[in-house]
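Okay, here's what each chain looks like letter by letter:
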Amino acid sequence: MNLDNIKKEFPIFDEKIQNNDLVYLDSANSSQKPKVVINRINEFYTKQFSNVGRSVHYLAVAATNLYENTRSSVQKYINAKDKNEIIFTKGATEALNLVANTLGQKYLNEGDEIILTELEHHSNYVPWHYLRKSKNIKINFAEINEAGEVPIENIEKLITPKTKVIAINHLSNVTGAILPIKEITELAHSKGIIVVVDGCQGAPHLKLDMQELDCDFYAISCHKMYGPTGLGILYGKKKWLEELPPYQGGGGMIREVKKDRITYGDLPNKYEAGTMATAQVIAFDQSIKFLESIGIENIIKHEKELIEYGQEILRKNNSVKIIGNPKNKGGVLSFTIEGVHPHDIATILDEDGVAIRAGHHCCQILHDKLEIPASARASIGVYNTKEDFDQLNESINKCKKIFDL
Amino acid sequence: MNLKELYQEIILEHGKNPRNLRKTENFNKDAQGKNPLCGDNVHVYLKLNDQRKVEDISFEGSGCAISMASASIMTDLIKGKSDNEAKEIIEDFLGMIKENPELKSNILKEDDKTKLMCLSGVKQYPMRVKCATLSWHTLVSAMENDGKEISTES
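Protein chains in written order, with this note's numbering: chain A, 1 to 405; chain B, 1001 to 1154.
If we strip away everything but chain A, and leave its shape as in the complex, we get (with noise of 0.2 Å):
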């Protein structure tokens, strides 16, 4: 698929949003979904719906095949080693809450420690908080350079004898810093240290192989992904997940139920139970299959140009303060201007069709080291132009003129 008319693809913008042309720069929040996907639900349910994995009668076994398959498809898609490592979820946070739940439980004892980085994304820190509550584990925060990024040295230099966890965004969602995940990995292995990635931003943007990577567990947001919403993945090394005990209980999870006892299924029913989000994860297998048609390499070059043309022109734009400038950089340019609160940004150029973010994005812990209470951002996707950098530049010297700058 070209990218040239990638738009195309995706109803929304043939839509007028309050008499504009919707020019999209929220995909780091959640990206639009191109017809092939929405579709997909429509024609599921019209025509092919079924629960899965318990009924005999054809809907349920055809559905239940569907639904693999999308499992088989993200296991290629992501490099995994063993398709049984990859885990539906409804969400990368429901992900990312297993993961510290489950390694509560049973790997994380009083006193040991955990470090994150002062990037993340709040669903990559609370759910570690509640073992600070509950376990009493440290919670160390590698800190950020001049340019937003994380250098290796700050999170080596926080690794102590007691530390069992390294928990890391793959892309951050501020200051679109790229971590540089398979040597975090490589050194917390050699001390034989855990690594959980936030994949949200990553997933979306960047070539994944699992394999390479070599992480312990790696979180997708669905709905960022250009998929359905209510729909999040983790992959996680098998040894893990087979050790590692049961996050929720219900149907489809178990083996055997007495009055005296449960036993629980095999990977990945282990991890999933209760009725599934079917219809999302089917439709998903569209997302990926999109994705593929159009190439990550392609992705990564459009997306790689059009930041730094977006970057270009807003660096030009005096008032305008860019947040970060890491070498290594995703679809993400947050940004200040001096005078102007980013919710009154996000309000004025919205009245142009700009649909940007504004507030802290999740990120309270980095706000502050930033010393401002929140940033306005604009994020791309497949389907973002050069035309939609210009028409945000233009809207925030509208801005500007409003605000006497």
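Watch out, some of these pointers could steer you wrong.
Using 16 Å as the maximum straight-line C-alpha spacing, the simulated EDC-like pairs for lysine to aspartate or glutamate come out as follows [what the hints assert, rightly or not]:
{"no.": "1", "chain 1": "A", "residue 1": "LYS369", "chain 2": "A", "residue 2": "GLU146"}
{"no.": "2", "chain 1": "B", "residue 1": "LYS1081", "chain 2": "B", "residue 2": "GLU1102"}
{"no.": "3", "chain 1": "B", "residue 1": "LYS1016", "chain 2": "A", "residue 2": "ASP352"}
{"no.": "4", "chain 1": "A", "residue 1": "LYS401", "chain 2": "B", "residue 2": "GLU1013"}
{"no.": "5", "chain 1": "B", "residue 1": "LYS1113", "chain 2": "B", "residue 2": "GLU1055"}
{"no.": "6", "chain 1": "B", "residue 1": "LYS1004", "chain 2": "A", "residue 2": "ASP352"}
{"no.": "7", "chain 1": "A", "residue 1": "LYS182", "chain 2": "A", "residue 2": "GLU146"}
{"no.": "8", "chain 1": "A", "residue 1": "LYS400", "chain 2": "B", "residue 2": "GLU1009"}
{"no.": "9", "chain 1": "B", "residue 1": "LYS1004", "chain 2": "A", "residue 2": "ASP404"}
{"no.": "10", "chain 1": "A", "residue 1": "LYS7", "chain 2": "A", "residue 2": "GLU387"}
A few chain B positions that, by computed beta-carbon distances, are all more than 10 Å from chain A [unchecked claim]:
{"no.": "11", "residue": "LEU1037"}
{"no.": "12", "residue": "ASP1040"}
{"no.": "13", "residue": "GLU1091"}
{"no.": "14", "residue": "GLU1110"}
Note that these hints are calculated values from the structure, not bench results. Glycine included, C-beta positions come from ideal geometry on N, C-alpha and C.
With chain A fixed as given, assemble chain B onto it according to the hints.
Below, chain B without anything else, positioned relative to chain A:
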């Protein structure tokens, strides 16, 4: 939607140069308000004297032009009023933002009402109503609930 209605001169001016942005010395009532969705925060201080008159009122915090202007205009109008008058003004303002087309209270002078009505532009922007009302809810808490922290998300 009309940006000009939202960002009127008075709002922009108060947003840029907020009145009473400081901490009242010897305050005897205060409360904090937070909007966890955006990180905006406000701390309202007031000094009620023995006659239950607002001798001084001030605020600290940071936020968008709407929230700073709203807190600024609020403190300007509440200063010098009795606590009952203050409550009537608050109720009137919150009622106007929520549903009423006009302000009803007779306590405020016409030009004060005009100032407050400048904030009515947020009615067209549901996501921004909280920006305009956070400081007012915080003031209510300071006066009534012994300073219980206010959150826009309950």
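Next item on the list: Please write out, lowest number first, the hints stated earlier that are contradicted by the structure.
Entry: 2, 3, 5, 7, 11 and 12
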